[in-house]
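Colleague: Sequence:
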Amino acid sequence: MRRAAPPGGNLPRADSDHPFESSPIFQSLKYTSSVVNREGHSVSAKHQLDFLLMANLRGFFFNPHRPDGIAFQAEIPPVNVSIKPADPNEDGSGLHHGLECRAYGSRTVDPELQAFATDVMNRRFRMYPKATIKLPLVRDKKQLIDANGKLTKGFELPLELYPPALQTICDEVASELRSALERFFKLIRWQQEIDGPHDVFEREPILCWRVSPSGDYRIVGRRQREWIGRSPAGIEWSVADQRDFNELWAKVEAEEPLGHELLREAQGAVHSAPRSALLLAASALEAGVKMHIARIAPETEWLMMEAPAPPVVKMLRDYLPQLHASKGIGLAEWEKLRPLFKEVEELAKRRNKLTHSGAMPKEVISNMPSFLSMVSDLLYVLDIVEGNEWARENIQPSTRVLLGWPTTRRRRSYDLRATHPDMLFD
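At position 147 of the sequence shown (counting the first as 1) the number is 146 in numbering that gives the first Met the number 0, and the numbers step up by one without a gap.
Treat the hints with care, since some could be wrong.
FRET-style restraints, in silico, Cβ to Cβ [what the hints assert, rightly or not]: (1) Glu334 to Pro196: 37 to 45 Å; (2) Met126 to Ile187: 39 to 47 Å; (3) Ser365 to Asp317: 37 to 45 Å.
It is worth saying that the hints were derived from the structure and are not from the lab.
The model shown is predicted, which means the values in this text are computed figures rather than measured ones.
Note that CB positions come from ideal geometry on N, CA and C, so glycine has one too.
Put together the whole structure using the sequences plus the hints.
Modeller: This is the structure we're talking about:
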């Protein structure tokens, strides 16, 4: 299993030529300092952190060219946004090199939180009560933070190691600024009939902060995130692969089934248009099941293609075993697929909720890889039942375990990627 961190960018700097950063509202931001009482003792005072959310846009450009960009400010609901071409000198519209957008916000915080933020910006860790680590911090025999709190070169402090109150502030600001940006671009897209994909951002926005009006913005620590996914598949041409393909090619009527084609469309849309991907995945499975029935029982083709069909999960769980038995075909391990049928039921429930309300919670988006894998496995199982033995090699490991099958000869590895790979050893 391989692990790698996603590529990162340079630290953003305070950019005075962005439209909003030269505006009166931005320049009027005030910073509080410590207060001294009559006895001369310092008392608790609030300090301010400035935040900046940076993002690259997908599918937007200016018409006509606006190399200086634009700024938009409103009080209800509050928003401070600036947009400008990524390369204003060579591409004043942003059509070729894209647009960059920024959303600004601020929070008043306790002095100790500002002090922690200041140290993080200076690449130091300040211990605080109930911190979850001890210094020095060592992971996998590698020192990440020394005994004095200095961060090792290349190590970025995860948000989970910030004081809980500061974590909450950063999460809330990031969510608020992202929501403001998304609302701005979705409204302007709707109002001006602008073409573009569902997701307005080219990649995940970056949250930055600073503690001084004259300071540079620095990237806020990210939460630890891990991804496990299959590597891309390449053409394999072993003796067994050649034999299987020659047999498939010799079937004059053979062509990639509609269910598999729709699934590939869903896989292609999962990041840019997750709602469309979910609808396509459900349609892929439904089409695959109905066309499978029509192929093995041609007398049902008209009903399958024209008449309303029962829920897919009922056809998989109740009807197909009977149909397979009547045709003298089937899969001996069919009953072991019941965990997948439960996923089919969940997919159908999410599809119905989406079509009726447009709702697709984050947990559903994060579960899309599982839905797509489940649909893929069931489609290939149907291929096996139809006599395509080569399809056994395309069933994924988790389902192979359910069925009690040996490992596949396919050479796809599984990659583990993380925002903070050094912390995987915690």
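Colleague: If a hint holds in the structure, say so; if it doesn't, say that too.
Modeller: Verification of the hints:
{"no.": "1", "hint": "Glu334 to Pro196: 37 to 45 Å", "result": "holds (42 Å)"}
{"no.": "2", "hint": "Met126 to Ile187: 39 to 47 Å", "result": "holds (46 Å)"}
{"no.": "3", "hint": "Ser365 to Asp317: 37 to 45 Å", "result": "violated (31 Å)"}
Consistency note: the structure conflicts with earlier hint 3 alone.
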